[in-house]
Amino acid sequence: MPDLSIFKTPSPYHLLAYGTLLGTQVFQTFVGGIVAYQVLPRPQFASLQQNLFPIYFSMQTALPAVLALTYPGSLLTGTASGLKGTFQEINRWSVLLPVATMILTSLVNFAVVGPATTKIMRERKHQETRDGKKSYDPAPHSKEMIALNKSFGSMHGISSLLNMAGFIATVWYGVTLSSRVV
Numbered sequence: 001m002p003d004l005s006i007f008k009t010p011s012p013y014h015l016l017a018y019g020t021l022l023g024t025q026v027f028q029t030f031v032g033g034i035v036a037y038q039v040l041p042r043p044q045f046a047s048l049q050q051n052l053f054p055i056y057f058s059m060q061t062a063l064p065a066v067l068a069l070t071y072p073g074s075l076l077t078g079t080a081s082g083l084k085g086t087f088q089e090i091n092r093w094s095v096l097l098p099v100a101t102m103i104l105t106s107l108v109n110f111a112v113v114g115p116a117t118t119k120i121m122r123e124r125k126h127q128e129t130r131d132g133k134k135s136y137d138p139a140p141h142s143k144e145m146i147a148l149n150k151s152f153g154s155m156h157g158i159s160s161l162l163n164m165a166g167f168i169a170t171v172w173y174g175v176t177l178s179s180r181v182v
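Taken in order, the sequence shown gives residues 1 to 182; the numbers are from UniProt numbering.
It should be emphasised that the hints constitute simulated quantities derived from the structure, not laboratory data. We put the beta carbon where it would ideally sit given N, CA and C, even for glycine. Some hints here could point you the wrong way.
To be verified - Capping the alpha-carbon separation at 30 Å, the derived lysine-lysine pairs in DSS-like fashion look like this:
no.: 1; residue 1: LYS150; residue 2: LYS133
no.: 2; residue 1: LYS119; residue 2: LYS134
no.: 3; residue 1: LYS133; residue 2: LYS143
no.: 4; residue 1: LYS150; residue 2: LYS119
no.: 5; residue 1: LYS125; residue 2: LYS143
no.: 6; residue 1: LYS133; residue 2: LYS119
no.: 7; residue 1: LYS84; residue 2: LYS125
no.: 8; residue 1: LYS134; residue 2: LYS150
no.: 9; residue 1: LYS133; residue 2: LYS8
no.: 10; residue 1: LYS143; residue 2: LYS119
Unchecked claim - Now the in silico label distances, taken between C-beta atoms and shown as ranges:
no.: 11; residue 1: VAL31; residue 2: ARG180; range: 24 to 32 Å
no.: 12; residue 1: VAL112; residue 2: THR29; range: 33 to 41 Å
no.: 13; residue 1: PHE27; residue 2: PRO138; range: 30 to 38 Å
no.: 14; residue 1: VAL112; residue 2: ILE146; range: 21 to 29 Å
no.: 15; residue 1: SER58; residue 2: PHE87; range: 18 to 26 Å
no.: 16; residue 1: ASN149; residue 2: LEU97; range: 34 to 42 Å
no.: 17; residue 1: GLU144; residue 2: PHE87; range: 44 to 52 Å
no.: 18; residue 1: ASN149; residue 2: PRO41; range: 12 to 20 Å
no.: 19; residue 1: LEU83; residue 2: ILE6; range: 16 to 24 Å
no.: 20; residue 1: LEU40; residue 2: LEU104; range: 27 to 35 Å
no.: 21; residue 1: GLY153; residue 2: GLN38; range: 16 to 24 Å
no.: 22; residue 1: ALA165; residue 2: PRO138; range: 58 to 66 Å
Take these sequences, add in the hints, and give me the full structure.
Put into structure tokens, the structure is as follows:
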């Protein structure tokens, strides 16, 4: 009979949370978002992203918190499990910094940048009605649409940078985590 006591330790939950985190980041950033942009008409793509991003960013915020809570300690290095281990001085650069970066970048995207981007998208839709022209149609555009397009580009760029910083932190932590596998 298999030993089921492993399910009482944080290790399997930590590894599953990490795998889910990295998998969703890789898929959304490098596969799903790109394919959706290429194959969907722009209004449907925008609608899809508006509905996916809150879920995506909430997962990207919650899963690193799970990582911090389930950090598997080590008798070899003398580190504790859970939050205590996450915050130990020996783990400051290899665990705490990447996990905190993941949480912070995703939380900013979830709570600030994402909603601001969605608001700008709605304003552009209203401006399209007023102008009788889509935001992505060839120039010339009204001054209002030019300003909205610039704002959208800025917010989208900030969101992409935050997402990439979170992804790099996730990979960084994965390297740290893999160094513990003997």
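Status of each hint after checking the structure:
Only pairs whose Cα atoms come within 30 Å are accepted, and LYS150 paired with LYS133 is accepted, the gap being roughly 16 Å. The hinted pair formed by LYS119 and LYS134 meets the criterion: a straight-line CA distance of about 17 Å does not exceed 30 Å. Distance check on the hinted pair: LYS133 and LYS143 sit about 13 Å apart at the alpha-carbon level, within 30 Å; holds. Restraint check: the Cα-Cα separation between LYS150 and LYS119 comes to about 14 Å, which is no more than 30 Å; the hinted pair holds.
Our distance criterion of 30 Å between C-alpha atoms is met by LYS125 and LYS143, whose separation comes to about 15 Å. Between LYS133 and LYS119 the alpha-carbon distance is near 19 Å, which keeps this suggested pair within the 30 Å criterion. Between the alpha carbons of LYS84 and LYS125 the distance comes to roughly 48 Å, so the proposed pair goes past 30 Å and is violated. Straight-line distance between C-alpha atoms of LYS134 and LYS150 comes to about 14 Å, which keeps the hinted pair within the 30 Å bound.
Using a Cα cut-off of 30 Å, the hinted pair LYS133 and LYS8 is violated, with the two alpha carbons roughly 59 Å apart. The straight-line distance between the Cα atoms of LYS143 and LYS119 is roughly 18 Å, inside the 30 Å bound, and the hint therefore holds. Range check, VAL31 to ARG180: Cβ separation about 29 Å, and the 24 to 32 Å hint holds. For VAL112 and THR29, the Cβ-Cβ distance of about 19 Å falls outside the hinted range of 33 to 41 Å, so the restraint is violated.
Checked against the hint of 30 to 38 Å, the pair PHE27 and PRO138 passes, with Cβ atoms roughly 33 Å apart. For the hinted restraint 21 to 29 Å between VAL112 and ILE146, the CB-CB distance of approximately 24 Å keeps it satisfied. One distance hint, 18 to 26 Å for the beta-carbon pair SER58 and PHE87, holds here, with the actual separation near 24 Å. Separation of ASN149 from LEU97 is about 36 Å and conforms to the stated range, judged on CB atoms against 34 to 42 Å.
For GLU144 paired with PHE87, a C-beta distance near 49 Å keeps the hint of 44 to 52 Å intact. Range check, ASN149 to PRO41: about 18 Å between beta-carbon atoms, so the 12 to 20 Å window is met. Checked against the hint of 16 to 24 Å, the pair LEU83 and ILE6 passes, with Cβ atoms roughly 21 Å apart. Range check, LEU40 to LEU104: Cβ separation about 31 Å, and the 27 to 35 Å hint holds.
For the pair GLY153 and GLN38, the supplied restraint of 16 to 24 Å holds, since their beta-carbon distance comes to about 19 Å. The hinted range of 58 to 66 Å is not satisfied by ALA165 and PRO138, whose Cβ atoms lie roughly 34 Å apart.
Going through the hint list in order, the structure does not satisfy hints 7, 9, 12, 22.
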